[in-house]
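Peer 1: Here is what each chain is made of, one letter per residue.
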Amino acid sequence: MRVAVQTDPFDLGAEAAGFAAAAAGAGAVVTFTGIVRPTDTGALQAMEIEHYPGMTERAIAAMMDQARARWGLIDALVIHRHGRLALGEPIMMVATAAAHRAAAFEAAEFLMDYLKSRAPFWKKEITDAGADWVAAREADEDALTRWQAS
Amino acid sequence: MRVAVQTDPFDLGAEAAGFAAAAAGAGAVVTFTGIVRPTDTGALQAMEIEHYPGMTERAIAAMMDQARARWGLIDALVIHRHGRLALGEPIMMVATAAAHRAAAFEAAEFLMDYLKSRAPFWKKEITDAGADWVAAREADEDALTRWQAS
Amino acid sequence: MIDVLYFAWVRERIGLPRERVDSQAATVRDLVAELSAREDRYAAAFADLASLRVALDQDLADFDAPLAGVREVAFFPPMTGG
Amino acid sequence: MIDVLYFAWVRERIGLPRERVDSQAATVRDLVAELSAREDRYAAAFADLASLRVALDQDLADFDAPLAGVREVAFFPPMTGG
Chain A
480 MRVAVQTDPF DLGAEAAGFA AAAAGAGAVV TFTGIVRPTD TGALQAMEIE
530 HYPGMTERAI AAMMDQARAR WGLIDALVIH RHGRLALGEP IMMVATAAAH
580 RAAAFEAAEF LMDYLKSRAP FWKKEITDAG ADWVAAREAD EDALTRWQAS
Chain B
480 MRVAVQTDPF DLGAEAAGFA AAAAGAGAVV TFTGIVRPTD TGALQAMEIE
530 HYPGMTERAI AAMMDQARAR WGLIDALVIH RHGRLALGEP IMMVATAAAH
580 RAAAFEAAEF LMDYLKSRAP FWKKEITDAG ADWVAAREAD EDALTRWQAS
Chain C
480 MIDVLYFAWV RERIGLPRER VDSQAATVRD LVAELSARED RYAAAFADLA
530 SLRVALDQDL ADFDAPLAGV REVAFFPPMT GG
Chain D
480 MIDVLYFAWV RERIGLPRER VDSQAATVRD LVAELSARED RYAAAFADLA
530 SLRVALDQDL ADFDAPLAGV REVAFFPPMT GG
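Chains as they are written, first to last, in my numbering: chain A, 480 to 629; chain B, 480 to 629; chain C, 480 to 561; chain D, 480 to 561.
Since the hints were derived computationally from the structure, they do not count as laboratory data. Glycine included, each C-beta is placed from N, C-alpha and C at the ideal position. Hints are not guaranteed to be accurate.
Claimed, not checked - Incomplete in silico selection of chain A near chain D, CB under 7 Å:
1. Phe489
2. Gly513
3. Ala525
4. Glu529
5. Met534
6. Lys595
7. Ser596
8. Trp612
9. Val613
10. Arg625
11. Trp626
Stated by the list, open to error - Under 10 Å between C-beta atoms, here's a sample of chain D residues computed to sit facing chain A:
12. Arg532
13. Asp536
14. Asp538
Unchecked claim - Lysine to any residue pairs mimicking SDA-like chemistry, simulated, CA-CA at most 20 Å apart:
15. A:Lys603 / B:Lys603
16. B:Lys603 / A:His579
17. B:Lys603 / C:Pro545
18. A:Lys603 / D:Val500
19. A:Lys603 / D:Leu531
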């Protein structure tokens, strides 16, 4: 289990390959990578991500412990960047390893849903027109209820 | 969109990185990798995968077209090996790229569910005790109903 | 003439991967009956149709599907890819 | 003395990322009232508590949580990670 909160870019390929190679006994490895994409409305130039040092690592480690226990994960990885990111740059990555595919997929989605709404990151979009904090979406908050039901 | 059916190993890291780099405009990239793992019951030595050349490529391309249309995918990739695979070797890989995470996750799970039960591959487990064809699991067939409901 | 293909344990039980068959069978089910009448190994392979799948010209079909115009028929167990 | 941290637009509105506050507030809500009484920029930042989140010693809490023993309080908007 590894959490990395960093300004540096990361290499999705190297991280995925290293993670899968280390996950002895895994039958299923899922990765999710989030990338800075053009906004639907304006000309995005860059994304700025602020976070809460200390709490970020703590919150993510707690989510990973929960995911590991709930889905019997063999391993999990979260990398999340902060600072200024250009269009097309990777923002973050989640990887999960499990015996079977359903566990690996569900745990990755669980981690993504919690990272979205429970890890202390805040995104600001820098466009031609100025800079705006990204508003939290109700749909992202609602996504968490899926994991609380069972 | 690329389908590769091959005996050669593939490099998960290089494939994932190349796929993500080419998916211009994607905000979310999901990969799934299936790996030969020790069986629950016996000492697995290797896996042998047979397939139906021609139909395999055709069936996978049809699934990918369906996934692309349904989730507005920017791109998708399926690599599936056949022949003899040793413990720990990658069997197959799916990658999906979309604007948002829900589409990328759902499309990857859809492709996995269909590959499991609708692409003409058959797995044989080679153990100390002999060789046995893997029986299809009812749960894998049931998984398809999830995609037919909506 | 029709190409008939066998995969996985169907192939092993029948003992060959493919053959050309001269058949006037109207449906897949008729073809199965013709083959099963040939030899025990065919009858054994086709004993339980519920455990078999069939593809006509590389598309999944069912056992009542007509064979008119079909060039390639494949028999195999439920698939286990992924 | 308590460390009070501000993030994202809360930080921008108040104009600083953190400060030490000498407060006897019993709950988060009391602390918010004390800060809001100081200056307009605080009042503006805390105008709508429904749009704010609070963490006590780096764990999410709610505005009625007691402050006894707490060393670090952080105010911020709903998170937008991932």
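Peer 1: Would you mind marking each hint as holding or not holding in the structure?
Peer 2: Hint check:
| no. | hint | in the structure |
| --- | --- | --- |
| 1 | Phe489 | violated (15 Å) |
| 2 | Gly513 | holds (6 Å) |
| 3 | Ala525 | violated (16 Å) |
| 4 | Glu529 | holds (6 Å) |
| 5 | Met534 | holds (4 Å) |
| 6 | Lys595 | holds (4 Å) |
| 7 | Ser596 | holds (6 Å) |
| 8 | Trp612 | holds (5 Å) |
| 9 | Val613 | holds (5 Å) |
| 10 | Arg625 | violated (15 Å) |
| 11 | Trp626 | violated (15 Å) |
| 12 | Arg532 | holds (9 Å) |
| 13 | Asp536 | holds (9 Å) |
| 14 | Asp538 | holds (8 Å) |
| 15 | A:Lys603 / B:Lys603 | violated (52 Å) |
| 16 | B:Lys603 / A:His579 | holds (17 Å) |
| 17 | B:Lys603 / C:Pro545 | violated (32 Å) |
| 18 | A:Lys603 / D:Val500 | violated (28 Å) |
| 19 | A:Lys603 / D:Leu531 | holds (17 Å) |
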